[in-house]
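*Asks:* This is what each chain is made of:
Number of protein chains: 2
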Amino acid sequence: MTTIDDPTAAHDLGPEPDAGPPDRISPLGQALREATAGRWGHVRDRARRTLPVELMQRDPGLTMPQARDWTRDTLATLTGRGFTTSGYPVAYGGMDDVGRSAVDFEMCAHGDLSVTIKSGVQFGLFGGAVASLGTQWHHDTYLRDIVTLELPGCYAMSEIGHGSDVSSLETTLTYDEETDEIVVHSPTASSMKAYIGGAAVDARMAVVYGQLVVDAQSHGVHAVMVPVRDEHGQALPGVALGDHGPKGGLAGVDNGTLMFDQVRVPRRMLLDRYGGVTSEGDYVSDIDNPNRRFFTMLGTLVRGRVCIAGAGAVAGRRALSIATRYATQRRQFSAPGHDGDVLLIDYLAHQRKLLPRIAQAYALMFAQNQIVDRLQDLHETDNKDQEAQRELETRAAGLKAVSTRFGNDTIQVCREACGGAGYLAENGLTLIRRDADVFATFEGDNTVLLQLVAKGLLSNYKEMFGDLDMFGMLQFAARSFGGAVIERTAARPVIDRLVEATRVGSGGDPLHDRGWHVEMFEDRERHVLETLATRLRRAAKNSDDSFEAFNSAQDHVLLAARAHMDRVVLEAFVQGIEDCSDPVAQDRLSRLGDLYALSSIEADSAWFQQHNRLSATRSKAVSAAINELCRSLRPDAVELVEGMGVPEEWLNSSMLVEPHWTP
Amino acid sequence: MTTIDDPTAAHDLGPEPDAGPPDRISPLGQALREATAGRWGHVRDRARRTLPVELMQRDPGLTMPQARDWTRDTLATLTGRGFTTSGYPVAYGGMDDVGRSAVDFEMCAHGDLSVTIKSGVQFGLFGGAVASLGTQWHHDTYLRDIVTLELPGCYAMSEIGHGSDVSSLETTLTYDEETDEIVVHSPTASSMKAYIGGAAVDARMAVVYGQLVVDAQSHGVHAVMVPVRDEHGQALPGVALGDHGPKGGLAGVDNGTLMFDQVRVPRRMLLDRYGGVTSEGDYVSDIDNPNRRFFTMLGTLVRGRVCIAGAGAVAGRRALSIATRYATQRRQFSAPGHDGDVLLIDYLAHQRKLLPRIAQAYALMFAQNQIVDRLQDLHETDNKDQEAQRELETRAAGLKAVSTRFGNDTIQVCREACGGAGYLAENGLTLIRRDADVFATFEGDNTVLLQLVAKGLLSNYKEMFGDLDMFGMLQFAARSFGGAVIERTAARPVIDRLVEATRVGSGGDPLHDRGWHVEMFEDRERHVLETLATRLRRAAKNSDDSFEAFNSAQDHVLLAARAHMDRVVLEAFVQGIEDCSDPVAQDRLSRLGDLYALSSIEADSAWFQQHNRLSATRSKAVSAAINELCRSLRPDAVELVEGMGVPEEWLNSSMLVEPHWTP
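Going down the list, the sequences are from chains A and B.
For the first sequence, the residue numbers in this note's numbering are 101 to 763.
For the second sequence, the residue numbers in this note's numbering are 101 to 763.
Isolated chain A, as found in the complex (with noise of 0.2 Å):
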């Protein structure tokens, strides 16, 4: 096995094909790269060094079906090149390396995000459902197939009647005793099984979720294998499949619906690490708590949410490293004493729409890191700490929903910030804004995932009994919630000095204090975190309807998740600005660092004014510091894309004429 910090690492992939030298880069640029490469840093240097360029990019003028094609090609040849299976335990053809499998997916996510997400549905939701909820029969039987996609799958989870709440998926998983069989059927209309990545045209096995009934009694909702199409493509008897058709984008990947009439598949396939059926034909699960039982498998999700957290982030960052590479090329109007017209960059109103979001960006590469280094810690702990998985899963959601917020208007944004050129596929922005668009929806719903986060919060992570019901946290709020301690990240030791620090008072200034920042975020997570309690807490009390008392309080959750994950954010970023080694780079990181703060702060001035943590001066010399710190990175806006690690040659914009670094 391979140990996860030996560069060397790609040996196991066999020779490199195509393997160049590393792109043109100045050296801030690669200084930045270093800083927030991470622990897998050798894995995102040998994927810029050996991805083939073609391989990276899908003609946007291609039909449906060739996209289809296109994509699934592509996938087998990054698969055949080791890019999408480290996570599988080396016995089945993978590298066991969770954290490795998604910075393997970030950097996929560099290229077409059609390929990307086909990759996730087989090798993240199909397989990763096989792997974690099936046993050793399971393993033994598929896992090498589905690694070396021989065995071609789907994820047949979300109905056309529930998206959102899984717990009511009205699909039945029936045993039926006589025959030792499962039967799968879809009772009702609203039970199609819907959005389904592979659905449409290549899975040939489906991981079907619905209510196992076991003797008339139903256990709640587990997966069962089922073979979906024969080797020809062709249906199996009483299954229906659909296609969706043209969607938003993502016209590579072929979602689609199926259905099941009474469709029987021996008891074996039911994947039953939390809960099966013995021989005898008794139900069995380890777990007693049917909530809890539930909530166990669909843990298994935590992956895949870190995943989007990270495609979505590089989504931002594709489009920041193509509009503010074009906002130095292109010029616009005269100005009187100017040298030729004014570059966009130059104009305030467009430092402020590429600037605050590289910081933002930048932040989210350390948060980025962090998680993927938590989950890979879990994975390696033999004994689970139920809290700190639950920790993860909450932060997974939330940096889930916050990183493809920030992808979505980002890719927006610069599309804008390159006008009628920006509309160009040629030009590289339009694909990446179709297909990154859906990301603020699967993997769950973002304002679902937000509410998810609340929870968390409220229940200090000890008590999480289904993904979604949210009117729990009511409960929560009422019992179990401790006031005002709140739990910190990774970063604990340096920013504990930093808040001391500001506490003894330095009397420089407060805004490019980050002792100030951090006490500015904490302060308003306490806050909104407490209130919210007491509010719900109330509301439980006297109300008679529990729906009520959580709907009218339910953009006060939101903002509870969002303070949080913004403070999660920014602290992820001071412990990456702490351990950046070169000078000038930590210089360009803590302005970067400053900026994303007070970006955060002056977005929710309102708030702070409003609880009187902002005087009405202060807030506005806020303002004035984030121009006056856009103006001060202006300068090397390139070499800040550079950083963000996306290479020029992947970029595939027509516009960008000038390579930027020459040595």
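No lab work stands behind these hints: they were computed from the structure.
Each hint should be verified, as a subset may be incorrect.
Any copy will do: because identical chains look the same in the list, a pair fits if it lies in one copy or spans two.
Lysine to aspartate or glutamate pairs mimicking DMTMM-like chemistry, simulated, CA-CA at most 20 Å apart [what the hints assert, rightly or not]:
hint, residue 1, residue 2
1, 484, 159
2, 720, 655
3, 720, 630
4, 720, 609
5, 484, 196
6, 641, 278
7, 720, 702
8, 484, 388
9, 720, 613
10, 484, 386
11, 484, 473
Small disclaimer: the values here were computed from a predicted structure and weren't measured.
Add chain B to chain A, keeping to what the hints say.
*Replies:* Only chain B this time, still in chain A's reference frame:
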């Protein structure tokens, strides 16, 4: 000639094909539709009754060439039925009804946006330039063929190197005295005409903008008609045509490039209404000042901006119509004590996404009606008031920026509010999203347009040389800004009465007092504008670098424009509420008016608090009042979207299963 208020005007268009009954709609929806119909309500009704659904909906699975063919054919059908050319003089086949043509464009935008934009290219830009900038010979020779689509054309203004800064176009139009011809030439790579709708395939004639050179002297930008393709679609000698290929959207519009290699056309092809060349070879113009002449020519863009403002707002209304109806059908989680799962629309967070946008949609409908009225009034006036014309241009620029921003942001929110279903093309949101995206860019980049608004305000519309010369703002600020007077919209009498009533004091709740809303909006605009003028004056005095002086205040400039437009839109809304004769509809409009005003105040709460216009307590009360308004409007959600005027039959959304109103 038809009079515009004649509801029988439709008889000019021959028998009505496929006329069906009015769509099914609730009484409240109908009353709201009438309240928002404006002066051309009969045109809207006729379109809703007679436009066949198949002309309104493009198959999202079409390839780009198929989409172009479908768009061309559909435009021809709509044109044959009289839906696209009402703005032209009766003598050439139109109705001489400029206002109606803007409303026709809005109704077109209820269908496919590629067709709408293709129509705008042919009849608004290309034909509009011939009508506005040409003289009798051009009209007699070409307009009839333009109106019948016999002569498809394009509008070749933008160059690849010059988008927003039109005065710097590099294309030359050189008068050759010897042959009495104009020589059209593209001297550099950056002078290539780019993004030109119609250039890739269909256009046979181009209106080409370039620097007119007579006797070696440049007279600034003029336009000339240049044949570019023969009847077989082949490029004419000296003309190089390119195809931009796939774009972010508008797949049916054939955008492309043009370059000219010393192409010669007879002198009379110059569109010489505002400047031309005599048979003696002398340059002549009624407008001596070249800047004013240029700006007068660009003034013809005002209609295009009004139309795009309308189309952008329609796109937002269509998305809201779909997402709101879906939210009243789609259930998500169960709740104790509630029958079945909770409808999406019953979640506060969901209401917060949709209802303030519905309020804004209503606000923009009234503002759009007002600007179309104004356009028609000024068109009818023989004695052109230059200040009134500048004011109209400013407002059109501002409304275009505000309405297209509303449109794009709203479509995205609606897409996400419909979850995975919103991402399927069959549900009607994804094509709108793609196609409307570029509205933020063309007909003037929104950021540039907002600066134009600020410039108009600073100069009190007295002088505006050059569409886009922002440094001139400094001079206006230094010279001519008169202080605290802000001009009133058409709603002046009712506004004055409301403000007076508030000043006298009703003792009621100010949050629902429209006079208070108006005062808040006016006060913000006045303060932002005064401080901007002061700041620019000071900067101009203290700085050698006028660019930097302007640039450091650019965020302030944009704020001034937005504050102004918010106020203009609010006043239109106030007038619309006042004019509504149905008491129930008026009550709902009144609540929507409150919601619009309070949402704007909430969004700018930081500013209001910073400037002591809003206490911490009241700012919290604003948010609470918004929540309460959302709750109070929720029962009428579908009626409110019916009132926005999009027929249920046109929504083209498979997921909407329940027709709302059955009498």
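*Asks:* Is the C-alpha distance from residue 484 to residue 388 at most 20 Å within one copy, between copies, in both cases, or in neither?
*Replies:* within (17 Å within a copy, 83 Å between copies)
*Asks:* With identical chains, the pair residue 484 and residue 159 could be close in the same copy or across copies; at 20 Å between alpha carbons, which is it: within, between, both, or neither?
*Replies:* Classified as neither; 45 Å inside a copy, 52 Å across copies.
*Asks:* Indicate which option fits the pair residue 720, residue 702 if close means a Cα-Cα distance not exceeding 20 Å: within, between, both or neither.
*Replies:* Cα proximity of residue 720 and residue 702: in one copy and across copies (9 Å, 18 Å).
*Asks:* For residue 641 vs residue 278, is the C-alpha pair at or below 20 Å within one copy, between two copies, both, or neither?
*Replies:* So residue 641 and residue 278 fail the 20 Å test inside a copy (51 Å) and across (94 Å) alike.
*Asks:* Treating 20 Å as the Cα threshold, decide for residue 484 and residue 196: within, between, both or neither.
*Replies:* within (18 Å within a copy, 78 Å between copies)
*Asks:* One pair to classify: residue 720 and residue 630, alpha carbons no more than 20 Å apart. Within, between, both, or neither?
*Replies:* The answer is between: 17 Å across copies meets 20 Å, while 28 Å in one copy does not.
*Asks:* Give the relationship of residue 720 and residue 613 under a CA distance limit of 20 Å: within one copy only, between copies only, both, or neither.
*Replies:* within (17 Å within a copy, 29 Å between copies)
*Asks:* If the cutoff is 20 Å on CA atoms, where do residue 484 and residue 386 land: within, between, both or neither? Let me know, please.
*Replies:* within (15 Å within a copy, 85 Å between copies)
*Asks:* Please work out whether the CA atoms of residue 720 and residue 609 approach to 20 Å or closer within one copy, between two copies, in both situations, or in neither?
*Replies:* within (14 Å within a copy, 30 Å between copies)
*Asks:* Indicate which option fits the pair residue 720, residue 655 if close means a Cα-Cα distance not exceeding 20 Å: within, between, both or neither.
*Replies:* between (26 Å within a copy, 13 Å between copies)
*Asks:* At most 20 Å between alpha carbons: which applies to residue 484 and residue 473, within, between, both or neither?
*Replies:* within (16 Å within a copy, 70 Å between copies)
Of the numbered hints given earlier, the model fails hints 1 and 6; all others are met.
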